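Residue numbers (the numbering used here), protein chains in the order written: chain A, 16 to 131; chain B, 9 to 120.
It is worth saying that the hints were derived from the structure and are not from the lab.
Predicted, not measured: the structure shown is a model, and the values here were computed from it.
Do not rely on the hints blindly, as some may be mistaken.
[Stated by the list, open to error] Taking lysine-lysine pairs in the DSS-like style, the calculated list, with each CA pair at most 30 Å apart, reads:
(1) A:K35 <-> B:K112
(2) A:K81 <-> B:K66
(3) A:K79 <-> B:K112
[Stated by the list, open to error] Partial list, derived from the structure: chain A residues whose beta carbon lies under 10 Å from chain B:
(4) F49
(5) L59
(6) M60
(7) F121
(8) G125
For every residue, glycine included, the Cβ atom is placed at its ideal position computed from N, Cα and C.
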Amino acid sequence: GAVVSQHPSRVICKSGTSVKIECRSLDFQATTMFWYRQFPKKSLMLMATSNEGSKATYEQGVEKDKFLINHASLTLSTLTVTSAHPEDSSFYICSAPPPGTNEKLFFGSGTQLSVL
Amino acid sequence: AQSVTQLGSHVSVSEGALVLLRCNYSSSVPPYLFWYVQYPNQGLQLLLKYTTGATLVKGINGFEAEFKKSETSFHLTKPSAHMSDAAEYFCAVISGNTPLVFGKGTRLSVIA
Chain A
16 GAVVSQHPSR
26 VICKSGTSVK
36 IECRSLDFQA
46 TTMFWYRQFP
56 KKSLMLMATS
66 NEGSKATYEQ
76 GVEKDKFLIN
86 HASLTLSTLT
96 VTSAHPEDSS
106 FYICSAPPPG
116 TNEKLFFGSG
126 TQLSVL
Chain B
9 AQSVTQLGSH
19 VSVSEGALVL
29 LRCNYSSSVP
39 PYLFWYVQYP
49 NQGLQLLLKY
59 TTGATLVKGI
69 NGFEAEFKKS
79 ETSFHLTKPS
89 AHMSDAAEYF
99 CAVISGNTPL
109 VFGKGTRLSV
119 IA
């Protein structure tokens with residue numbers, strides 16, 4: 016089945032630095048990828064929809080200048096947390112739907128970000 | 009807009025006992041429904057899904073769920089809990105072309 020690879024799985028950074036998270040579809044082309052954030056109370060919230068070759072679509076309340084999304088190719092989307100602060104510490108998960116479906120079944124393994 | 013409610017943020021069962029995790033949804037159009045499991049420090053893994061057809065769906069690891077339209081429910085069950093089932097479980101819904109919407113999750117603890 017389709018595989019989505021997310022890297023890194025865990026990152027610890029200092030406040031004020033930027034962190035890049037990569038999401039790759041390994042055996043299919045993904046024109047769209049989704050980025051979710053898992054809050055401490057454990058709910059998963061959609062942050063943005065990444066579109067290959069165009070600007071990402073952000074959900075209400077998500078700062079586009081803080082969470083930069085780049086979908087430069089059909090197999091790679093990146094999320095960059097800029098000027099990270101402790102409140103950005105969270106679990107970030109990407110998802111890429113296989114072509115021809117909107118079932119969005121395939122998730123990356125997630126990235127645990129800890130900002131000191 | 010669709011939404012998902014998972015009743016009980018924490019469920020504890022004895023090993024060998026029935027597992028029942030509750031999920032209710034709201035959707036203006038026929039939904040697709042999913043259950044995902046998340047083990048500690050790992051990403052999400054699909055347990056099972058309902059799209060169309062048979063309302064009782066079977067998934068991995070002995071789990072199953074039944075779509076009940078009249079009750080707007082999609083409860084997850086397993087006849088006999090194993091220690092390895094301890095994890096966080098998320099119910100999710102898609103309707104139309106909307107993104108996946110998750111419930112807040114239910115932590116399942118299995119007591120020896």
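Hints, one by one, checked against the model:
1. With a CA separation close to 26 Å, the supplied pair K35 (chain A) and K112 (chain B) stays within the 30 Å bound.
2. At roughly 41 Å between alpha-carbon atoms, K81 (chain A) and K66 (chain B) are farther apart than 30 Å, so this suggested pair is violated.
3. Annotation: proposed proximity of K79 (chain A) to K112 (chain B) holds, straight-line Cα distance about 24 Å (limit 30 Å).
4. Against a cut-off of 10 Å between C-beta atoms, the interface hint on F49 (chain A) holds, since the closest Cβ of chain B lies about 6 Å away.
5. Here the hint on L59 (chain A) is kept, as its CB sits about 4 Å from the closest CB of chain B, short of 10 Å.
6. Of the supplied interface hints, the one on M60 (chain A) holds, with its beta-carbon coming within about 8 Å of a beta-carbon of chain B, less than 10 Å.
7. Interface restraint check for F121 (chain A): the shortest CB-CB distance to chain B comes to about 8 Å, inside 10 Å, so the restraint holds.
8. Interface restraint check for G125 (chain A): the shortest CB-CB distance to chain B comes to about 4 Å, inside 10 Å, so the restraint holds.
The structure does not agree with numbered hint 2 stated previously, though it agrees with all others.
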